[in-house]
Structures are given as C-alpha cells and as structure tokens.
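Visitor: Okay, here's what each chain looks like letter by letter:
Number of protein chains: 8
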Amino acid sequence: MNLTVYLAGEIHSTWRDEIKQKVAALNLPIHFVGPMENHDRSDNIGEEILGKQPSAIFKDAAASNFNNLRTEILMKKADLVIALFGEKYKQWNTAMDASAAVAYGKPLILIRSEDHHHALKELSRKANATVETVDQAIKALHYILE
Amino acid sequence: MNLTVYLAGEIHSTWRDEIKQKVAALNLPIHFVGPMENHDRSDNIGEEILGKQPSAIFKDAAASNFNNLRTEILMKKADLVIALFGEKYKQWNTAMDASAAVAYGKPLILIRSEDHHHALKELSRKANATVETVDQAIKALHYILE
Amino acid sequence: MNLTVYLAGEIHSTWRDEIKQKVAALNLPIHFVGPMENHDRSDNIGEEILGKQPSAIFKDAAASNFNNLRTEILMKKADLVIALFGEKYKQWNTAMDASAAVAYGKPLILIRSEDHHHALKELSRKANATVETVDQAIKALHYILE
Amino acid sequence: MNLTVYLAGEIHSTWRDEIKQKVAALNLPIHFVGPMENHDRSDNIGEEILGKQPSAIFKDAAASNFNNLRTEILMKKADLVIALFGEKYKQWNTAMDASAAVAYGKPLILIRSEDHHHALKELSRKANATVETVDQAIKALHYILE
Amino acid sequence: MNLTVYLAGEIHSTWRDEIKQKVAALNLPIHFVGPMENHDRSDNIGEEILGKQPSAIFKDAAASNFNNLRTEILMKKADLVIALFGEKYKQWNTAMDASAAVAYGKPLILIRSEDHHHALKELSRKANATVETVDQAIKALHYILE
Amino acid sequence: MNLTVYLAGEIHSTWRDEIKQKVAALNLPIHFVGPMENHDRSDNIGEEILGKQPSAIFKDAAASNFNNLRTEILMKKADLVIALFGEKYKQWNTAMDASAAVAYGKPLILIRSEDHHHALKELSRKANATVETVDQAIKALHYILE
Amino acid sequence: MNLTVYLAGEIHSTWRDEIKQKVAALNLPIHFVGPMENHDRSDNIGEEILGKQPSAIFKDAAASNFNNLRTEILMKKADLVIALFGEKYKQWNTAMDASAAVAYGKPLILIRSEDHHHALKELSRKANATVETVDQAIKALHYILE
Amino acid sequence: MNLTVYLAGEIHSTWRDEIKQKVAALNLPIHFVGPMENHDRSDNIGEEILGKQPSAIFKDAAASNFNNLRTEILMKKADLVIALFGEKYKQWNTAMDASAAVAYGKPLILIRSEDHHHALKELSRKANATVETVDQAIKALHYILE
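Chains as they are written, first to last, in this note's numbering: chain A, 2 to 147; chain V, 2 to 147; chain W, 2 to 147; chain F, 2 to 147; chain H, 2 to 147; chain X, 2 to 147; chain S, 2 to 147; chain G, 2 to 147.
Next up, chain A with everything else stripped away, as it sits in the complex (with noise of 0.2 Å):
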C-alpha cells in the first residue's frame, strides 16, 4: 500500500525536507508531491511563459494560472494533502489548497501552530485532523500505514 501525499502551505522553510527526511529514515512507502518551492519562480512563472504582462497585477493573474494548474494536477493524484500554515504573510492559498483537498474528496491534516487555533477553527473543523507540529503529523502518517 503506498501513498502519495501532497505538502500544502509554507515555501520559506525546510519543513518539506524535513518531513521527507523523516519518512525515509521510517521506511514508510510515501510518494511526495507539492508546489514550487521557488518563490521567485512561482511569482514569475507567467511572465517566464506567457512574455511580458502590462502590470504586478497581470503578471500575478499569469502566474497563477500555471501554479493552480500544477497544484490541480498533483493534488488530484494524491491520497492524502497535508497543509501546514507558518507564521508570516496572509498565506490564503494555504487555506486555498486546504479546501480545494476538501473539495477534491481528499483527506486533509493541517499542521499550525496553537496561536492560529482562532484563526483557523472552522477550517480546522473540516479537515480530518489538525496537528502542531510536523513530528505529529509523520506520527499520524505512520498510523495510517501501521
């Protein structure tokens, strides 16, 4: 039985790593998939492929067209969407991919520190487990596949 899970969330820190590092030294058979970590890269992606674009706002309506569709094709192949929110910036599309994983009819665990418990509650009410850390999320990982 091997899983693939898709990493929801935060791009400026090592928790994709981490958590990779964590499920390889487990042995647990786990496929990760996720978004562009680049941040350059995610924000320019439309200018990269569509050319110039007439302002900040245009060239951000071409980039997230690329980066919906690379999320919308990874996460439709995963069983499982883990969704961790940092502690900076507005991080919507981190709520954003959490719902669409509810929308998609896949499980969800959200990964965020207890001073966002208010911020997040009804969001946390519908995924399938809200975690603090990413220790406690490979915990349940390692549950599923016991």
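Think of the hints as simulated: they come from the structure by calculation, not from any bench. For every residue, glycine included, the Cβ atom is placed at its ideal position computed from N, Cα and C. Among these hints, one or two may not hold up.
[To be verified] Listed next, with one range per pair, are the computed distances between beta-carbon atoms:
1) 52/G / 38/H: 32 to 42 Å
2) 40/H / 56/W: 21 to 31 Å
3) 88/V / 3/A: 16 to 26 Å
4) 13/A / 49/V: 57 to 67 Å
5) 38/V / 119/W: 34 to 44 Å
6) 38/W / 49/V: 23 to 33 Å
7) 13/S / 30/A: 24 to 34 Å
8) 119/S / 29/A: 54 to 64 Å
9) 57/G / 3/A: 47 to 57 Å
[To be verified] Computed list of chain A residues with no C-beta within reach of chain X, every gap over 10 Å:
10) 4
11) 15
12) 26
13) 42
14) 89
15) 91
16) 118
Guided by the hints, dock chains V, W, F, H, X, S and G onto chain A, whose structure is given.
Guide: Relative to the frame of chain A, chains V, W, F, H, X, S and G by itself:
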C-alpha cells in the same frame, strides 16, 4: 427569476447593509443570506449551546461546529456567493468559504482591494470574477438579471 | 428562508413532539419529516404490502424495502438531518441514517447522552455538531435562522 | 485482476486472520486493508499524537480524528468492503463504516449472525449481500474472481 | 410535502389511469409524469419533427432522440420512479428507464407479475422495492406520506 | 409542470423572440433565460465594471468573467438548453455553452442548418436531439409537455 | 495504453471466446472481464453461499445479490462496456447492465441484430455506438487503439 | 510521477509531433494520447464499421459515434488536456473537446494564436491557462514536473 446570494467574509464593517440597500433600490429580486455577523455571538455559540469548554481552544472548536453548520446550510441554498476580503485579520474563514463555494459548484465573486491582489492571486483565478468594490459587485448582479 | 429537517433515530420516546412544539413556539419556519414512528407498522409494512413472508427474516427483509424507500425520499428533501441516539436497543438504523445524511451531502446534528460518547466518537466526528439534549439542538436551529 | 478489500468491524476476534489465511490458501489475488486492530492503540492514538486531553470525551474526540482519517484513506483504495458485526458492543462504528462504503460507491458485504437480522434489516438491504459466516464471505470473493 | 412520481413502462394498458384515480381518491399530494402513451405518436415523433427518414431504422433513431429527451427532463423532476413490466413485448425501454432512475439517484419501485421474477431478479435487487400489483404500489405511496 | 429553458448561441438574429412568441401562442408553461443579447454590452461589460483595461485582450478577458458568470448562474437554473448555430462567426461560445449543458447534466437540443452538419457531427452526437429550424425545436418542446 | 473491457449480455453462445481470440490475434492490449458464464452456477450461487431458500423467488433474490456484486466490482474496473443482445430470452439483465455502464460513466457499445433495432432504439441512443456483429465491435476496439 | 496528456484539436498540422519530440528531448515522463489524426479515416470510420450509409449526413452521424467513443475513453485516462485551435475551419470539435475536458474534471491548456483571442475569450476563461505557442505549452508541462 429570483436569486439567493450568500455574502461571505468580513463581519466588522457594514458592507452587507450597503449591498442590500443598493440592491433594494434597484429592485433586483435578490435574497441575501450570510454568516452570523455578531462577532461575540459567533465566538461564543459553542459554549452557549454546549456549555463551558475546558480551554479557549476547545471553546473555538465548539463554536466552529455551529458556524460551519450554519454556513453549509445557507450556502447550499444560494445561487451565487460573494466573498469580501477586508483590510484586517487573517480572514482564513473568508478564503475557506470562497473555496467551499467553488467546491459546492456555486459561482463566486471576490471583492478585495488592490492591496490584496498578490496574496489572493490563486484564489482570484478560481473565482468567476474579482472586483474591488461593493458597487462593482452590484453592477455584476445587475448584469446577471438584465 | 424555510428549512426542512429530517428527524432520524429513536421512535420510542416523544422527542419529535417536543422538538416540534418548541420550534413552533419560537416561530421558526421549519418543516419536519421523519421515519414511520408506529413501531409495529414499521415492522409489519413488508407483509402488509407484499403478504405473508416465509419467516421472520424474510418479513424483516420485506419491511426494510419500504422503510428505506420512505427514508430515502424524505431525507433527500431535507436541508438538515438531526439524529437522536436513545438509551436502549442497538440503534444501527440511527447510525445508518446518520451516515446516509453524510452520504447525501446533508448537514447532520447528533443528539446523544454523554454515556454514548465513546461508542459514537467516530460518527460524532463526521457530524457537523453533536449535542446532548433536544434543547441544545433547538438552539442550533435557532442560530442557523437568526 | 487484483482486488483490494477493506475489512471493517469487530476487532476483538480473529476473523481477519481467518479470512486472510483462507484466501491465501485459495490463491486469490486479494490484498486486505482495515482499521487499527489494537484496541488500546486505537483509543489512545489521539493523545499519543496530540498529547494529554482535558477529559475522556476530548480524548475520544482526538482519537476519532486519526481513526476516521485512516479509515477514509484505506477504504477509498478498496474495491470492496466486508463489514462484520460481532456479538458484543454497540458497534456503531461498524454501521458507520458500512454506510460510508455505500457513500463512497464501494460494494459491500455484511457478515452478521442470524441473531442480528432484525436490528440490521435496513442496513442489510443497502449492502450488496448479507451472509452469516466468514466462509460464506470467502465463497463470494471466490465467485467474483472465477 | 408534495411528491412527483414518474410512471415508467408499459403503455398498452390503463395502469396509469388506475394509479392516478386511486391516488386522487386517497387525497395523496402526488403529481404524476411519464412517457408519451400514444404508441404511434411515440414511434413517429422523429419523422413528425425531422421529416421522412431513409429507412425504418433511421426513423426509430430519430424518434429515440425525442423520447429520451422527454424521459430525461421529466424523470429528473421526479422524487420517485415506478416502473411496470407488462406481459408482452421485450420492454427493454422499461428496463432502461428503471436503470436510469437508479443512475439519476431516484428511488425506484418495480411492478411485475410473479411470472417475471426470474428474468427481473437482478434489476429487482437494484430497485428499492418490487411489488406485483398497482394496489401494492399505492400502499407504498401511502406509507411514504403517512 | 413548468420548464425553464436556456437559449444559447447566436445573438445577431431574432430567433429568441420568434421562439418566445410561438411558445406563448401555444400556451406552453415555459420560462426562457439566456445570454446578454446586446453584443456591445457583452463585449464591454468587463470595462464597464472594472474600468479601462490595458489592451483589447485584457478587455476581453475582463468581459469573459461576467459573461461566464451570467451563463453559469442562469444555465444551472434551466431544465433544458437549446443552442442555435447561425451562419456567421466562429461561434465557439455556442459550442462551449452546448458542451457546458452536457457537463451540467442538462438535456440539450441543437439547432443548425444542414450546411453545418459535418462540422458539428461530434457535438450533435452528444446532444439529445439536433434539428434544423426553430419550428422543429418548438415541436420538441410541445412533445415534452403533452 | 491498456484497456479493460467488460463483456455484458448473452451467456448462451460463444461470442466472448470469439472476441477474445480475434483481439488476441490482433495483438491489442485489452483485458476482458464479464459475468459468470455458467448459467446454472449463476442461478444457484445464492443457495450455494446462503443455503436452501424457501422458494424459487427467494432463490433468485439470493442469487441476484452475488451476481450484482460481481458485475459492479468488475464493471467499475472497466474502461469500456460491450453489451450483446442475443436472439432469445427477455435479456433484461443485458439492458440493465448496459444502463449501469452509462450510470457509471463507462463508454458503451451495443451489439444487436437488425431485428432488435425497434425494441432497442432508446437504449441504442444512449450507447456510444451500436453495431450488429462481433467483428464490427472489434473494428471499433482497433480504432480506439490505433 | 508520470502524466498522460490528451492532445485535442487541429489534425492538419504537425504540432503533435513537435510537442512529442520536444518533450522527449527534455526527458519528461509524459505519455500522449489523442484523436485519430488521419482525417479521411476519421470521416469514414462510420461506414468502414457499419457499411454504406444513406447520405452524407448519416455517414457523418455514423462516424461521430466512433470518434466520440475514442475521445471519451482516451480523455478519461488523461491527467491533462491540451487543445490547439488552428487557423482554419470551424473547429467546433476542438471547442467541444476542450469543454469536455472541463466537464470530466481534467485540467486544460488552450493553445491559440492572438488572432483568436476575441472568439475564444469565454472558453479561455474556463481553461486553466491559455498560451499562444507549442513551446509555451511545453514550458507549462515542464513547470508541473519540476
């Protein structure tokens, strides 16, 4: 042809009253529904129904049950969802409600100031339309019913 | 905004009458539907329609056709399902109806005494909300329609 | 043609081992998945991952997150669900898992002793087939793959 | 609680009139819809709309467009489908309409004489209930609305 | 039994008026909806709501938001879609609306002159029926409601 | 690109062997599945698993459980369904399986002699294609994989 | 992570070969499928399988059966659809295939020259991304798999 419109998002300003009054002045046959706008009542509803909870986190978890229940029932009765992102707070609920609209197959209009264009670019791409003001959203409602 | 609510579960007490009277006293625009509450008629409906069956098992199989048919038609017309687990019997029907509500995309409130919390913990997690008394459920109905 | 079969229900007897051994002896190309069978671990998993909870009710709520998550992921990978109702306990989880199978569009076989025929009559009608013994379920698996 | 019921199947007898009259006598709030009952008009509708076709096969193909269109529109508006298998003809249309009811998520009652029990055993298993007479079907309608 | 019919396709002729007048003369209980028929308004609606766009391409992108929004809301309220392909223009919108009807599970009638039979053969196969004139489509509407 | 094809319909002739041999001779990468072809075993499977039933009707009901179970599991694994209507019997099962294919979103080819064109005209319209011989169906399989 | 991509649209140029060669040169793990590219064979396939038809219209109707069948089977196996609108012909098939991709829940990239931007503006809005050249589409494929 009557429409039911769910007004998601910010509850700390009077944008819902504004939209209702202007739509009434235009004689558009639109019925509006939306979340609990009394913030304290929304935060306390879990304890009001279930009694004192052991901590702030559990109080929030209890409230989220009834807020999500209300949203789900009312949004499923809507033909269209309009979600407004305000200037303050994380507003992950708004992002979640906007995504839920997409998940339920409900057409979606986002209202957000230009300041938010970067943070909302992917969600904006999933909406049917993104506008910057309540008046623009009303023009869209008018166009649908012409 | 009218709501139709399906009242699933225990048929040996008067909780449906209680909920209807209290909701009427509150002037909430809610219409209630539910299963056959005459237990004998529910058990005998298969033989009443199809005639004498060869054994108790086949009598039950015959009755289940018409009870499931009634439940499916009425539950599909509902905006919300409230399922009450009483103190006695196996009540697998109640669990099944609660699960069917989830399957049909109907929001779900469970009512169960604290005694049942362990046995119902997974089903409770799938419901939108779990309460312990009819009065708490009525508060939730009121909150939805405020 | 390989099949994946989810074995839902009673975790206090050895019926899963029996079915696996007999299917292996028949050389049927079937892979089995199912819930956590270590009852204590299943009850404690919430606290093992999230830490001490404020009461038994909250401990159960925490555990249900991870048990439902495991069930959802594994059941969605199955071609067939077999649910066994044992002699003891309320077994509302079994009823819920059987109903979830129907909701996910998974064919369903119930195993229950004749004693349970009345209490399970409506759920039995929703299953593809109801049998009384593990050996009868194995005959059905054999028939599918002939 | 009003119901709309689609009456599928045999068009060469008066069973639809019988069911409508008896339901009216019982004051049940049921509205009936169904296929074109004028057999010639049903067979000729393709040529009546599209003009002369090159052969009997193409005449049939043309008619099937409009008969399927009518069935799909009206069946989708129904809460329940009742399909009667008569004594004569192949009645593959009846089998198809009964299966379409299942596909559209519409509850289904079959009416067939005991003679047909073997040929219809698998389809009967997919219906919510199978009865032998119009009067039995009316008892079922009555039971739903009690 | 009232029907709502969405009239997709060509907006440069008076076929919608013709169909409405003839259906009214027949006293058929049909309510019609459809796209914005004022071509300039349809092309300019993006700039009317969002303000001046940086180029013709972005003006079109802006307009498409509101035209698709209108179509989606109104088509989802329809029981049937009729799509007319005229003699001029690419009419890819008409093909898209016809396909969207199929996607939303809405029955579909195509109206196209014989000249278009080759180019439309695959789409025609997906429609419930293809006719050549408005009068033929009206005969089909009449047949559904007989 | 491998295909799995479910061969529904007549079990009293050798058409399945013919299609398998010819497809093998063409080296097409197609795997075939289908119903139990031993008619007696298909009729008796209910009693073989569940034991002696009280009458022929109940024997049939028991068998239908396991035949429908087998069909549902195997058909859901198929990319395409081919259904052959033979010259004899009512073949309502074939009509039901063909309709189930449509319900499951599986493309469908019907094989029927010209004699059956009138009785099958509506079902034929729902199929992707209708042919008269096994050889024509094989040409269609070849065309898909060119 | 392998991807299957359906290449819809124009069959009179060599864009499919170009995309396949360039993707192979990049070592991207992508498998391509698509429609019959031999135009005559596509037009004649109905008569090749079913024999001579009574007129050009019926010849087209016969061909559309098998072309739609091929498209449906192969598109359902795809993770992504790329649809290219060329310079000539009505290309309603391309619009239909692009819309079918949306209907099947398949992510969609449009390729069209700037000349077509006005005629395709609404369909473009439904696609995940619209580009002008094959090279831009390849950049998008690369981005998904980085």
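Visitor: In ascending order, which of the hints set out earlier in this document are inconsistent with the structure?
Guide: 2, 3, 4 and 7
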